[in-house]
Amino acid sequence: MNETLPNHILDAMRLTREGKLTEATALLQCALRGAGRPGIAAITPDGNAQTVSASPPRIFDVDPQTGEAMLLASAASAAGSSRFGSRSWSPGRHDRAGTAPLPETLRGFLGQFHGGGSSQPPRVLPDGAQFVTRSFSNHAGSRGYKLYIPSTYVGEAMPLLVMLHGCTQSPDDFAAGTRMNILAEKHGCFIAYPEQSQAANAQKCWNWFSPGDQQRGQGEPALIAGITQQTMRDHVVDHQRVYVAGLSAGGAAAVIMAMAYPDLYAAVGVHSGLACGAARDMPSAFAAMRQGATGSATLGDRRAVPTIVFHADKDSTVHPRNGDQVIAQSGGVGGLRSEMWRGHVPGGHAYSRTIHSDDTGRAVLEQWLVHGGGHAWSGGSHEGSYTDPRGPDASREMLRFFLQHSLGSPEA
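Just so we're aligned, residue 14 is where the sequence shown starts under the working numbering, counting upward by one.
Calculated from the structure, these hints are not laboratory results. The beta-carbon is built from N, C-alpha and C at its ideal position, and this holds for glycine as well. Incorrect hints may have been included.
Distance windows between CB atoms, simulated [as the list claims (entries may be wrong)]: (1) Pro359 <-> Arg293: 37 to 45 Å; (2) Met295 <-> Ser150: 21 to 29 Å; (3) Gln228 <-> Ala341: 33 to 41 Å; (4) Ala215 <-> Leu349: 37 to 45 Å; (5) Gly345 <-> Gly157: 34 to 42 Å; (6) Gly225 <-> Arg355: 23 to 31 Å.
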């Protein structure tokens, strides 16, 4: 590879080799418009993201419907600006007319340079760890999934976390971006990554907006629960410590799983997602994404599942009001003691963290609002798509929250 090429060209080549054409196109568009590129971030020993670029940080979001990169604001003006446009990722079929030319343009642009066709080497696993491909089938259909088995697994019961990717993502992409396998190795957890099929949704979104995929024992909830239960049968899993989390459409699906299977999941993590029942079709899905839902499902007599929510206040794809609605749906804060903490990632985003605790002092609801972030996994790695390394580490905080809860906890 020609190391004298501009950094944005080299980065675009890397993204293209990984199959991330939308992100590569967005990077080139930003560079050609002179918008710059997001600051490079490093992970400090305490796990925080820290910028190593001297240039002022800028906030980017990508419109997956068009592939356009959106420069939302500079860090200096982020607090006073807002951009909740009408363009959003489609929860249904891919708009081929609007997006097909972009990858062709990208390939034509990168074709001028050498080295664009090489492949990335496979990720090296710790000795004894496995990241295996599995599949599951039942009356609702079939789905593939990947399972991370840490090197420390020797037949003793371990927690299980089910991670639901966002639109256009894959298990490998989601695992790389969230770095959840690294944390699983440290804490001793299984991580299952169900994969949505393009046959079910052209953009690989979980169909959270479809009534047939919002109920226990039906559609995608039946498949995700089946993958969870198959993993529990195939390995020694601590049945009291099974959790589910997701990003965007996967976050919305995670809420559905917690509502439909409160007897299976001890806690749920929702990143940039929506409440269960926030939509019943594509028009209501777009409306909820733009401004929050006008209605949602209620708990009834079901157990309230402990919930941790991450959302960015400059998310132009899923309005941050949806994070508030997830908290409200998860039992609300009535009767709980609430505390708010404010912090700042060195060189990165400020954030607000609100903890709602029961009378035993245990946090049952936790809400993180990332100030200035876009539609991306906070504190994630650029090795995966839709990540923002400059935010607080959502993976670490979610796993911390999960491991405080079990189905045998007092609030259960």
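For each hint, the structure was consulted:
Take Pro359 and Arg293: their Cβ atoms lie about 43 Å apart, and the range 37 to 45 Å holds. The hinted window of 21 to 29 Å between Met295 and Ser150 holds, with their beta carbons roughly 27 Å apart. At about 21 Å, the CB distance of Gln228 to Ala341 disagrees with the hint of 33 to 41 Å. The hinted window of 37 to 45 Å between Ala215 and Leu349 holds, with their beta carbons roughly 41 Å apart.
At about 37 Å, the beta-carbon gap between Gly345 and Gly157 stays in the expected band of 34 to 42 Å. For the pair Gly225 and Arg355, the beta carbons lie near 42 Å from each other, so the given range of 23 to 31 Å is not met.
Violated hints, listed in ascending order, are 3 and 6; each of the other numbered hints is respected by the structure.
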